[in-house]
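Student: Assemble chain B with the ligands onto chain A, guided by the hints.
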Amino acid sequence: MTMTDDPATHMGSHRLRREDPALLTGEAQFIDDMSLHGEIWVGIVRSTEAHATILGVDGRAALEIDGVTEVLSGADLAPLWGEGALPCAWPVTDDMRDPAHLPVATSVAKYVGDAVAVVLADSRYAAADGAAAVSVDYDPLPAVVDIEAAVAEGAPLVHEDLGTNESYTWPLIPDPKAVDAAFAGAAHVVSERYVQQRLIPAPMEPRGVIAAPGVANGELTLYSATQIPHILKVMTAVTLDIPEHKIRVVAPSVGGGFGCKLNVYAEEILCCALAMDRGVPVRWTEGRSEAATATIQGRGQVQHIELAADADGKVQAVRVKLLADMGAYLQLVTPGVPLLGAFLYHGCYDVAHYSFECTSVFTNKTPTDAYRGAGRPEATYAVERAMDSLAVAVGVTPEEIRSRNFIAADAFPYESCAELTFDSGDYQAVLDKAVAMADLESVRAEQAQRRADGSNRQIGVGLSSYVEMCGLAPSRVLASLNYGAGGWEAATVRVLPTAKVQVITGSTPHGQGHETSWSMIVADKLGIDPDDVDVLHSDTAISPTGLDTYGSRSLSVGGTAVFMATDKVLDKARLIAAHQLEANEDDLEYFDGAFQVKGTPTAAVPFAAIAFAAFTAHDLPDGMEPNLEAHVTYDPPNFTFPNGTHIAVVEVDTETGNVDIVDYVAVDDCGNQVNPMIVEGQVHGGVLQGAAQALYEDAVYNEDGQIVTVNLGDYLVPSAAEAPVYRVASHVTPSPTNPMGVKGIGEAGTIAATPAVINAVVDALRPTGVTDVTMPASPQTVWRAINEAQGGAS
Amino acid sequence: MESVKFAVNGTERSLEVEPRTLLVHALRDELRLTGTNIGCDSSSCGACTVLVDGQSAKSCTMFAVQADGADITTIEGVADADGKMHPMQQAFHEHHALQCGYCTPGMVMAAISLVEEYPELDDHSVRHGLEGNLCRCTGYQNIVNAVLAVAGSGSATPIRPYQSGQGE
Ligand code: FES
Ligand code: FES
Numbered sequence: 001m002t003m004t005d006d007p008a009t010h011m012g013s014h015r016l017r018r019e020d021p022a023l024l025t026g027e028a029q030f031i032d033d034m035s036l037h038g039e040i041w042v043g044i045v046r047s048t049e050a051h052a053t054i055l056g057v058d059g060r061a062a063l064e065i066d067g068v069t070e071v072l073s074g075a076d077l078a079p080l081w082g083e084g085a086l087p088c089a090w091p092v093t094d095d096m097r098d099p100a101h102l103p104v105a106t107s108v109a110k111y112v113g114d115a116v117a118v119v120l121a122d123s124r125y126a127a128a129d130g131a132a133a134v135s136v137d138y139d140p141l142p143a144v145v146d147i148e149a150a151v152a153e154g155a156p157l158v159h160e161d162l163g164t165n166e167s168y169t170w171p172l173i174p175d176p177k178a179v180d181a182a183f184a185g186a187a188h189v190v191s192e193r194y195v196q197q198r199l200i201p202a203p204m205e206p207r208g209v210i211a212a213p214g215v216a217n218g219e220l221t222l223y224s225a226t227q228i229p230h231i232l233k234v235m236t237a238v239t240l241d242i243p244e245h246k247i248r249v250v251a252p253s254v255g256g257g258f259g260c261k262l263n264v265y266a267e268e269i270l271c272c273a274l275a276m277d278r279g280v281p282v283r284w285t286e287g288r289s290e291a292a293t294a295t296i297q298g299r300g301q302v303q304h305i306e307l308a309a310d311a312d313g314k315v316q317a318v319r320v321k322l323l324a325d326m327g328a329y330l331q332l333v334t335p336g337v338p339l340l341g342a343f344l345y346h347g348c349y350d351v352a353h354y355s356f357e358c359t360s361v362f363t364n365k366t367p368t369d370a371y372r373g374a375g376r377p378e379a380t381y382a383v384e385r386a387m388d389s390l391a392v393a394v395g396v397t398p399e400e401i402r403s404r405n406f407i408a409a410d411a412f413p414y415e416s417c418a419e420l421t422f423d424s425g426d427y428q429a430v431l432d433k434a435v436a437m438a439d440l441e442s443v444r445a446e447q448a449q450r451r452a453d454g455s456n457r458q459i460g461v462g463l464s465s466y467v468e469m470c471g472l473a474p475s476r477v478l479a480s481l482n483y484g485a486g487g488w489e490a491a492t493v494r495v496l497p498t499a500k501v502q503v504i505t506g507s508t509p510h511g512q513g514h515e516t517s518w519s520m521i522v523a524d525k526l527g528i529d530p531d532d533v534d535v536l537h538s539d540t541a542i543s544p545t546g547l548d549t550y551g552s553r554s555l556s557v558g559g560t561a562v563f564m565a566t567d568k569v570l571d572k573a574r575l576i577a578a579h580q581l582e583a584n585e586d587d588l589e590y591f592d593g594a595f596q597v598k599g600t601p602t603a604a605v606p607f608a609a610i611a612f613a614a615f616t617a618h619d620l621p622d623g624m625e626p627n628l629e630a631h632v633t634y635d636p637p638n639f640t641f642p643n644g645t646h647i648a649v650v651e652v653d654t655e656t657g658n659v660d661i662v663d664y665v666a667v668d669d670c671g672n673q674v675n676p677m678i679v680e681g682q683v684h685g686g687v688l689q690g691a692a693q694a695l696y697e698d699a700v701y702n703e704d705g706q707i708v709t710v711n712l713g714d715y716l717v718p719s720a721a722e723a724p725v726y727r728v729a730s731h732v733t734p735s736p737t738n739p740m741g742v743k744g745i746g747e748a749g750t751i752a753a754t755p756a757v758i759n760a761v762v763d764a765l766r767p768t769g770v771t772d773v774t775m776p777a778s779p780q781t782v783w784r785a786i787n788e789a790q791g792g793a794s
Numbered sequence: 001m002e003s004v005k006f007a008v009n010g011t012e013r014s015l016e017v018e019p020r021t022l023l024v025h026a027l028r029d030e031l032r033l034t035g036t037n038i039g040c041d042s043s044s045c046g047a048c049t050v051l052v053d054g055q056s057a058k059s060c061t062m063f064a065v066q067a068d069g070a071d072i073t074t075i076e077g078v079a080d081a082d083g084k085m086h087p088m089q090q091a092f093h094e095h096h097a098l099q100c101g102y103c104t105p106g107m108v109m110a111a112i113s114l115v116e117e118y119p120e121l122d123d124h125s126v127r128h129g130l131e132g133n134l135c136r137c138t139g140y141q142n143i144v145n146a147v148l149a150v151a152g153s154g155s156a157t158p159i160r161p162y163q164s165g166q167g168e
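Chains as they are written, first to last, in the working numbering: chain A, 1 to 794; chain B, 1 to 168.
Keep in mind the hints are simulated off the structure, nothing from the lab.
Quick reminder that beta carbons are idealized off the backbone N, C-alpha and C, glycines included.
All clues given are correct.
For each label pair, taking beta carbons as the anchor points, the in silico distance ranges come out as:
no.: 1; chain 1: B; residue 1: Ser42; chain 2: A; residue 2: Val238; range: 35 to 41 Å
no.: 2; chain 1: B; residue 1: Arg32; chain 2: A; residue 2: Ser480; range: 47 to 53 Å
no.: 3; chain 1: B; residue 1: Gly83; chain 2: A; residue 2: Asp94; range: 58 to 64 Å
no.: 4; chain 1: B; residue 1: Glu120; chain 2: A; residue 2: Asn456; range: 31 to 37 Å
no.: 5; chain 1: A; residue 1: Asp58; chain 2: B; residue 2: Gly83; range: 49 to 55 Å
no.: 6; chain 1: A; residue 1: Thr600; chain 2: B; residue 2: Asp80; range: 49 to 55 Å
no.: 7; chain 1: B; residue 1: Glu120; chain 2: A; residue 2: Pro736; range: 50 to 56 Å
The following block holds chain A by itself, in its conformation from the complex (with noise of 0.2 Å):
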């Protein structure tokens, strides 16, 4: 990558994160570390019910606790927001049902979680007992659940004046004639269901809120543990009919997000309404059982997938339909999820005729929203999983099927079927170089040992291949999926007189490492010590534009704008050095860090120089402004797209159902890299929370809509000993979408390995009959799978 004239040489090293020390110390400031002189508590009253009539709020009880000031139903706080409702950014069609959703319900409770009254305290402990002490008198409605119950004749309605529990039905079928062409045609039709349990987001930091007003001047700074202070401060704006430009954001240290902190919640719009209502900080700390149905959930799809491909095992067609649960409310891109992944339930393969229609439906459930990978590791799963019936019914090995069907090496900017141009890679060599790491002869060899043997301990292999959209996005594209806002991402860079640079981006960090790379990418331009680059973000107030990170688009977007602007000032400051050389700027180039005169590298002026006189002012071209600093807002021209195969071996024990993941390989291609470190602990972090899909994680409701899996003892996050070792390796397309040839390395990891994991449970148990596993692959569940398969009670 030839990045300036100068040798680049922090891009793609090991560099550490300069982001360490104060985590490391407990310097760092996350939410609950603040403190605001005069603050009060907020503590949430909850619905214990998943549907009911809220008859009552009686918060006399709660009022005679020490401490607690004011007890208050939805009913007390409406005129606080009036008709403000919490917003959905994303109607994807113009007919979604999208219901009034007030922070705090006044007459109905929708789902366990929902908040129906709250209490006002002058601590933590107090906030915490009003709120258990508050009575509400509740008359129960029959609630929904299950999705598939959900759209049946005669289900209990979420919303009862909608008259139906749908949301909206979203399809994309360019071409459906040549779709039913394909599978009367096929000589081999594949069509499985798979159901995409829910999935609680769990950063290991819950949330929380300080709304501290400015009263003198109708100003308001709200502190969130927020992916996205910017989105945050225009819906706050907006929600609450404050003025714009009264309204600071500011995210502090944020303990991860995966998504779930990609919303406007109503804690913050009650905290904020609440703190301009009384003059004072208001402030709430979610506790992590209140998170269970507090904070979105993820996943929660039903999907009926179908391949119809020729006697090769060609896949001719991909037919898709998907049931996606939204849960009681549509929160800030919940109705977007699925149609993130709609353009890609073909996957990494050239397919030529495609079909996919989603509805969505509201049950009585916490919403669900975007977690880490946001709809493209469920597509990712069902064509996976649907790849490997298809090998089987071919009779050829999973790699062999995903190399008959690879888009070509030589085929791309590649149409793809569901409309978007794919825009660099080479899958057959990355799956190469994966089944080589992961030694699948011998693997195999192992396998058919213990199969022969009736071994209890099967070995099983799970491939899994996926290419994403990422770099989120064209605006145009947006604008034509009906998202609420552009998908573009601004960076300023500004040289001081002293020659120390200050970057301001868009982007969120909350784990990602971005103060890093980013001084990486400016230093690398400017030929200087990353170290003389400061990375500034996370607060309006400092960086007043941008949208944000999520969706694996800090790099692509937030790092292509920061490189621009780099560009940008390299312009200036070479005017700058010909005016001081008396050259022509043509003449010049930029070397370690000074401008020189092409072939005469005694006349040169360094950075530091031309930073001073951008400063003092006193001798710049005629017309110039002063000051080195510029501004890129950047709009992509198409989305990028990672791309990888990753293998997982599992060995089963077919006596207990217990699934150990004992090799996984995975090799991505997210294009070029800034630090590759970072790009490893992104790939072993999203693998482990892929896998946890696989085998652990389920938020778990009953029938009566109560959820069972409330906290981390029962919600089974993943610790270091159920964490498999991880192989990771890397193929290099660039992408010619961005001058740094980036896509993005986020999501990767929890996109690939789910249906990895899975694959391999099946791969293991099909001498046993098995032909799918449901997840979460707990022992009971793949025991059970057993059990049945071989005709026995379940």
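Tutor: Frame of chain A, contents of chain B with the ligands only:
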């Protein structure tokens, strides 16, 4: 209210707390030592791990009054007097064993105690030794490598309870 006295990072502290005040809240809210984090309400995550008399303990599972007379070490107290990070902190840095950093203080404290208690660690025993500390970001491999690096290097500077003069 109850009076409680303990040494935190070598400094004698006295507090008036409700009997039910958790040690983690006393540290965070009363003493403003906010490096110790809270990640759950079921003693499951280990984000709150500190050393109590040299042993790792989840500070959300203890009442502050139960720590009366104890020597407590939090993440703020493990660097040396010049502010040089403890070898375990340094190893976490060098092995990219943290991303968002929320689990990190608890994880580092648990790891320090693990290495002290079991000098002979391997991959398996580190993983099981840290089973009570959850991390959602890293997938653990780099954490395990960081701990093994310290265990193998002999650089596990022992954290001994600070001498508070109490209970002697
Ligand atoms: S906060 Fe103590 S174990 Fe989770
Ligand atoms: S680094 Fe984020 S939870 Fe461990």
